[in-house]
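2 protein chains.
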Amino acid sequence: MEKVKRGERLIAMTRMLVDAPNQILPFQVFCDRFQTAKSTVSEDIAMIEKVVAGYHLGQLATVTGAAGGVRFRPLLAWKEAQELLLQVAQTLNAPDRILPGGYLYLSDLLASPVVTRKMGSIMARPCYDLNVDFVLTMETKGIPVALMTAEALGVPLVIARRSSKVYEGSAVNISYPDGTGGIETMSLARRAVANGQRALIVDDFMRHGGTAQGMIALMKEFDTQVVGLAFMLAQQREQPLTDLPEWPLMTFTGDGITEPIVVSPAKWIMEQGDRP
Amino acid sequence: MEKVKRGERLIAMTRMLVDAPNQILPFQVFCDRFQTAKSTVSEDIAMIEKVVAGYHLGQLATVTGAAGGVRFRPLLAWKEAQELLLQVAQTLNAPDRILPGGYLYLSDLLASPVVTRKMGSIMARPCYDLNVDFVLTMETKGIPVALMTAEALGVPLVIARRSSKVYEGSAVNISYPDGTGGIETMSLARRAVANGQRALIVDDFMRHGGTAQGMIALMKEFDTQVVGLAFMLAQQREQPLTDLPEWPLMTFTGDGITEPIVVSPAKWIMEQGDRP
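Keeping their order, the protein sequence lines are chains Z and C. Basically the working numbering = 1-based index in the first sequence + 148. Basically the working numbering = 1-based index in the second sequence + 148.
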């Protein structure tokens with residue numbers, strides 16, 4: 149391939165980096181693809197780094213060492229995250245969201261590629277330096293946001309099921325209290341996870357915390373360490389559910405029966421204020 | 149904001165376009181953001197168009213008219229699609245994939261952000277000009293690839309459930325033959341879909357076609373038109389399942405009991421040969 153102009157190289161490099169979130173791409177990849185010197189690639193990377201930061205379009209970092217290279221992280225500016233969550237909270241607080249029994253209709257938001265991609269990017273942010281090996285979720289509704297979080301972190305998604313399936317092979321099954329007096333079961337294929345890995349738990353909704361506690365217990369069975377829990381929407385609590393870090397995107401008060409459910413963006417996100 | 153250099157503009161524009169797949173962004177958006185003339189934006193777009201096409205990093209198109217602007221589609225080159233599917237088929241044909249009962253272990257591939265993003269881009273490709281309003285899938289395993297397909301098409305994902313849930317509100321429930329003599333049920337919230345919309349059905353696996361037929365029947369209840377069916381892996385058949393277009397990514401022969409399951413990339417994809 150002939151030598152390419154700088155503008156063309158910048159476009160192609162940006163596209164390549166955005167397509168591989170949180171993966172380290174060696175400089176050599178770009179040298180080979182664009183037939184150019186490492187010093188030129190370095191200058192290009194510096195420019196892309198400056199521009200994506202300046203326009204709040206993500207974060208580029210150069211990683212030194214033998215396995216070094218350049219890495220793109222799809223950060224959402226805190227301001228943009230706050231605006232998104234304020235808007236989603238407003239949508240959820242509208243009267244037409246309330247279902248019989250006081251439940252909130254969430255399915256459209258939970259399955260929206262646009263909303264879940266942004267939420268996944270917010271969930272990934274506090275976890276980039278925690279060496280997460282995979283994201284764990286429990287079927288069904290949390291799968292989209294968990295997938296987007298896994299993609300932002302550049303790790304696989306692992307999905308626990310309500311019961312074991314023939315097409316999952318041998319599985320670990322656990323029973324856990326659902327937090328309201330009942331017992332639920334959860335199943336995960338043996339080969340889905342390896343001992344010693346580090347898991348981030350992601351789920352859409354947390355009220356009594358039964359499912360979250362179930363996932364933590366399941367990870368113990370696999371000798372896996374849980375680095376924290378991220379929820380799209382969690383009940384506001386006096387005491388945290390566990391001693392693990394928790395990153396809810398939004399919290400709610402009320403039970404929908406005696407008191408209406410009121411959703412707000414989570415405090416730890418609003419406290420970031422104007423930071424980039 | 150002060151005027152920005154061309155290189156910087158190209159980087160930021162590429163990032164913005166890639167972040168909004170299949171959405172038409174008006175030129176004015178870029179004129180405002182970069183304080184620049186429409187003619188300059190046009191030149192930049194032409195360059196990005198040339199580069200993403202040249203490096204097989206997607207497709208940019210200018211849409212004229214009142215609602216005009218520029219639109220990015222995350223196309224995977226056919227060659228790259230073929231290589232991916234050959235590699236996945238090879239992975240699936242390995243002996244360690246066979247579970248007791250002749251089932252194939254697919255869960256890791258089905259939940260991989262990297263694999264499902266590429267597969268979603270292949271599934272979206274034949275559907276870009278079919279005015280799809282939403283992607284429909286049935287829980288659980290098809291959700292990741294269906295979400296990625298919906299994102300590539302720039303439309304919402306709608307998830308049918310095995311049974312109706314209180315937190316989905318009033319729902320349409322149907323019973324359907326599962327293709328092996330049993331009866332299954334499927335449920336979709338009334339407010340998930342509007343009459344007259346156009347649906348693309350996406351699922352991970354199709355053997356007897358029961359679930360696919362169920363989804364088609366469900367769409368009839370909503371007066372929704374199905375434009376076609378995309379499957380990650382479908383049984384090779386003499387006769388098509390329906391008179392709707394079908395886009396399997398891979399097909400398989402064998403039942404896993406009397407004959408081993410053998411997976412191959414789908415013919416319609418391999419036939420594209422060297423086309424970009």
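Hints are computed from structural coordinates only; laboratory data are not their basis. There's no promise every hint is true.
Unchecked claim - Subject to a maximum C-alpha distance of 20 Å in a straight line, what follows is the list of computed PhoX-like cross-link-like pairs (lysine-lysine):
(1) Z:153 with C:415
(2) Z:198 with Z:186
(3) C:198 with C:186
(4) Z:153 with C:227
(5) Z:186 with Z:227
(6) Z:198 with C:153
(7) C:368 with C:227
(8) Z:368 with Z:227
(9) Z:368 with Z:415
Starting from the hint list further up, note which numbers the structure goes against and sort them upward.
-> The structure breaks hints 1, 4, 5, 7, 8 and 9; every other hint is satisfied.
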